[in-house]
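**Student:** Each chain, letter by letter, is given below.
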Amino acid sequence: MRRLVLPLLGMVAVLLVWTALSQTVAPDIPSPVRTWQESRRYVLEPFFKDGELNQGIARLAFYSLVRVGKGFLLALLIGTPIGFMLGLSRTFHETFDPIIQFLRPISPLAWLPLGLVIFRQSEPAAVFTIALCAMWPTVINTAVGVRSISPDYLNVGRVLKLSRLKMLTKIVVPATLPYVFTGYRLSLGLAWLVIVASEMLTGTPGVGGFLWQEYNSLVYSHIILSVITIGAIGFLLDRLMGVVEARVKAG
Amino acid sequence: MAFLDVREVHKTFATPRGATHVLGGASLALEDGEFVAIVGYSGSGKTTLISLIAGLLAPDAGDIVLDGRPVREPGPERGIVFQQYSLLPWLTAHDNVALAVDAVDGARPAADRRRRTAELLALVGLTSAAGKRPRELSGGMRQRVAVARGLAMRPKVLLMDEPFSALDALTRASLQDQLLRIWGERRSTVVLVTNDVDEAILLADRIYPMTPGPGAVLGPPIEVGLPRPRQRRHMSLQPAYQKVRHEIVDFLRASRGGGA
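As given, the protein sequences belong to chains D and E, one line each in that order.
For the first sequence, our numbering gives the first residue as 138, with consecutive numbering after it.
For the second sequence, our numbering gives the first residue as 99, with consecutive numbering after it.
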């Protein structure tokens, strides 16, 4: 009961503050009621399509999710092996760790123009940016995971004289998997953060693109609709990966 | 030359607070089929010595020779049962043992290897728990899996590093009895490290007391001389048992500087 009532109370409180703000200091921000009135079609008919950037919210979310999916997958495909190599090879670590620490904090906003220069198209540029920004947690967590393998497990492999391949498949990878999936969850969160920025800058159809277009058309209620959608999907994605991660950790 | 010959091994570890001299010339010798125990206080360097024999560490000085070959790296002919079991938590009891069987008997047909894994699990009484992961097993069961894995390596010498120290007294007694039975059937060569004098007397043919570090060495071996098969219940009443026990305890006390 408590776990249901308290979050609801919290939500009501936020709606009240939102209403109060829209009536006083921020008169340009539509109140919750007005937001709903102006956005209901997007929610109640989530699959309508009137134009490239005027579509139901589920359609827009779908475009964004596909884009994030591609970027996320690319991030995993690149990030996981790099993470394993960083963890396994001292030489590799000493060679590339400084550059990784240097690249990691670069904002998606900085990568995107480079992507556009390289690919000359907004779609691959967006995927490139997502992958480049989202892969770091996977890289770092995998590397940390490999380095935290209990020496006892490695000693078992040494005593059994396992081949390098068997050592990897029987001991290193399974021992690292929980860390890898924590990395994946964090990477997915980042990928979702990056999608909005990259869609805003490229104007591609999706939740972020829609948000930016509605800002330019002064339909502020749709900005709020987009923000809420982004939050809801981000939350769901995190939960979903949380379940996968827990499964992996439980073995 | 003895079957396993450890001669004057020294080992020093570098720590942030300076070098720690752990072993200062420890020697021991045992013959094929012998069960030897090393008894000493916690922290005296027993685990270091067994890691050296296993080849997981390299000595700074001294030689370790098994069956005429110097020990330079780890290998299954020196199968080891670790103190903390070290079972792979993502594998079932069966797969933990099978990993060792496959590594050692890789050239044999799969059916033979499966049969051997099943036999080893049966030997330690875990046939019904074969499909369980380590975390679903009790401490005693985990250690039995570890013993089965150690035997799976077909070791020339089985190294056991305080294998029962993490278990409660009742479980420990029952595992000691099982080890006694298994050893009676197979006569493997065993080096057991323990801080439990009674465990050493119950199981071993010969006992090396270890002086407390730094610079630990092994004292002269003490022959147990109790007849086999041994029974826990009657043993402690025998005069020979008391004599051996006193010899070990006296040596350990004296080597610690006469203190309690």
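Don't read these hints as lab results, they were simulated from the structure.
The reader is advised that the hints may include incorrect statements.
Unchecked claim - Below 27 Å or equal to it, Euclidean Cα-Cα: the simulated DSSO-like pairs (lysine-lysine) are:
#1 D/Lys303 x E/Lys341
#2 E/Lys341 x D/Lys298
#3 D/Lys186 x D/Lys303
#4 E/Lys254 x D/Lys298
#5 E/Lys230 x D/Lys386
#6 D/Lys303 x D/Lys207
#7 D/Lys207 x D/Lys186
#8 D/Lys303 x E/Lys254
**Student:** Indicate, hint by hint, whether the structure satisfies it.
**Tutor:** Comparing the hints with the structure gives:
no.: 1; hint: D/Lys303 x E/Lys341; verdict: 50 Å, violated
no.: 2; hint: E/Lys341 x D/Lys298; verdict: 43 Å, violated
no.: 3; hint: D/Lys186 x D/Lys303; verdict: 53 Å, violated
no.: 4; hint: E/Lys254 x D/Lys298; verdict: 15 Å, holds
no.: 5; hint: E/Lys230 x D/Lys386; verdict: 16 Å, holds
no.: 6; hint: D/Lys303 x D/Lys207; verdict: 31 Å, violated
no.: 7; hint: D/Lys207 x D/Lys186; verdict: 23 Å, holds
no.: 8; hint: D/Lys303 x E/Lys254; verdict: 24 Å, holds
Going down the numbered hints, you'll see the structure goes against 1, 2, 3, 6, while the others check out.
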